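Number of protein chains: 2
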Amino acid sequence: MGQGIEMPDQENNKRAVVLLSGGLDSCTALAIARSQGYECYAVSFDYGQRHHTELAAAERIARTLGAREHITLKLDLGQIGGSALTDQAIDVPINPEDEIPITYVPARNTVFLSLALGWAEVLNADDLFIGVNAVDYSGYPDCRPEFIRAFEEVARLATRAGVEGHPFRIHTPLINLTKADIIKKGIELGIDYSITVSCYQADEEGRACGKCDSCRFRAEGFRKANVPDPTRYQ
Amino acid sequence: MGQGIEMPDQENNKRAVVLLSGGLDSCTALAIARSQGYECYAVSFDYGQRHHTELAAAERIARTLGAREHITLKLDLGQIGGSALTDQAIDVPINPEDEIPITYVPARNTVFLSLALGWAEVLNADDLFIGVNAVDYSGYPDCRPEFIRAFEEVARLATRAGVEGHPFRIHTPLINLTKADIIKKGIELGIDYSITVSCYQADEEGRACGKCDSCRFRAEGFRKANVPDPTRYQ
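For the record, the sequence lines run as chains D and Y.
Each residue of the first sequence is one higher than the one before, starting from 1 at the first, in my numbering.
Each residue of the second sequence is one higher than the one before, starting from 235 at the first, in my numbering.
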């Protein structure tokens, strides 16, 4: 299965949709889903983000970690505007001071979970994995546990699964872990994190800026986990 | 304001995002929002639907009813598959017998509400109108009142509004009305329904098939409302 990750046989196993951004967290969430025996269907989103090299990373991760299928859904959040990650007129801040940073994309996780839910329904999958994290969460409201529980209720009511009475589960294996704990867990599962890209403004080759919010959390995570940082910087 | 609809002055009024499909229901929802004094931002979705002429109808409706702005977001649900409305390999059934028909698009309203929520956040709008209907609802699970309430909770938790403690409201003015009641309400507000398209397989000129589920509900509505049916048929 590559990288020495011990994975159960995929035959006769349950299907799960996994949100895969190409970053460190979602890569770890996919590895955890695979280690629990799920046949994984990874979905990425091309939403006009500045950090487009994340998508190349997602493709690489899906292949390396043995996802059964990987799709990239295109949607133009730039038309809605309002975030430094999609609006070219807004600079990515180096030291955000607001409670909710300008890199917050309006309702992003709600949109991503909705589309993942649609695919899960087509696949007859009752399980969905998302690598949200409530500890080093950068202040995004849609990374909080209460948001995830509320969305799970929406999923139960919105779909055939709900009507037919079987539960739909949203798994958040990283939600209470620090970045360092996430990294330790991933290393245990055999992940080579050099294939992931977390930076908000990585260059064409996927090299990180080392300065943005996301880069700082990541570097600090490797430091605290006592693991050499494999990130390629500009 | 066209069509003789008496509308309050838009200055200093509250903003609302309105989901506008181009059909009879969403047109009526927009007219109701306008009659309540909201400055309306209409959003339509180009999701690979067969009934593409709906989008031309939506544009016409937004203009005629005085929406402040109208955007059409493109997203490719066809990549996910699973519905007769987006999958060219599945025929639209004439007399669906299943509890949930094959024209159901997986998680469609969840996806649409999520994107509308993102736009509402950028606009600082705390109100959203959707023309869902639990009476003549064709068996779609995501048209039920309990689904809408669950999504309202997601909206409260997912957004800045929730963090800042002001409520986000999802208005469903049609939810308990029959199709005939909706039509009567719209006629009261001065709507000319000939500009709307409800058919799942309308032709290039927006003429309806007269046979699909949606056409049958609509025609029956006009009959029961005792209003001449202005629909242009093929």
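No lab work stands behind these hints, which were simulated from the structure alone.
Don't take each hint at face value.
What the hints assert, rightly or not - With a Cα cut of at most 20 Å, we get these calculated EDC-like pairs of lysine to aspartate or glutamate:
| id | chain 1 | residue 1 | chain 2 | residue 2 |
| --- | --- | --- | --- | --- |
| 1 | Y | 308 | Y | 280 |
| 2 | Y | 248 | Y | 463 |
| 3 | Y | 418 | Y | 454 |
| 4 | D | 74 | Y | 280 |
| 5 | Y | 308 | D | 188 |
| 6 | Y | 418 | Y | 463 |
| 7 | D | 14 | D | 229 |
| 8 | D | 185 | D | 153 |
| 9 | Y | 308 | D | 76 |
| 10 | D | 224 | D | 188 |
| 11 | D | 74 | Y | 310 |
| 12 | Y | 458 | Y | 447 |
Keep in mind that this is a model prediction, so the values were computed, not measured.
Status of each hint after checking the structure:
{"no.": "1", "hint": "Y:308 x Y:280", "verdict": "5 Å, holds"}
{"no.": "2", "hint": "Y:248 x Y:463", "verdict": "34 Å, violated"}
{"no.": "3", "hint": "Y:418 x Y:454", "verdict": "13 Å, holds"}
{"no.": "4", "hint": "D:74 x Y:280", "verdict": "12 Å, holds"}
{"no.": "5", "hint": "Y:308 x D:188", "verdict": "41 Å, violated"}
{"no.": "6", "hint": "Y:418 x Y:463", "verdict": "12 Å, holds"}
{"no.": "7", "hint": "D:14 x D:229", "verdict": "34 Å, violated"}
{"no.": "8", "hint": "D:185 x D:153", "verdict": "29 Å, violated"}
{"no.": "9", "hint": "Y:308 x D:76", "verdict": "7 Å, holds"}
{"no.": "10", "hint": "D:224 x D:188", "verdict": "16 Å, holds"}
{"no.": "11", "hint": "D:74 x Y:310", "verdict": "7 Å, holds"}
{"no.": "12", "hint": "Y:458 x Y:447", "verdict": "17 Å, holds"}
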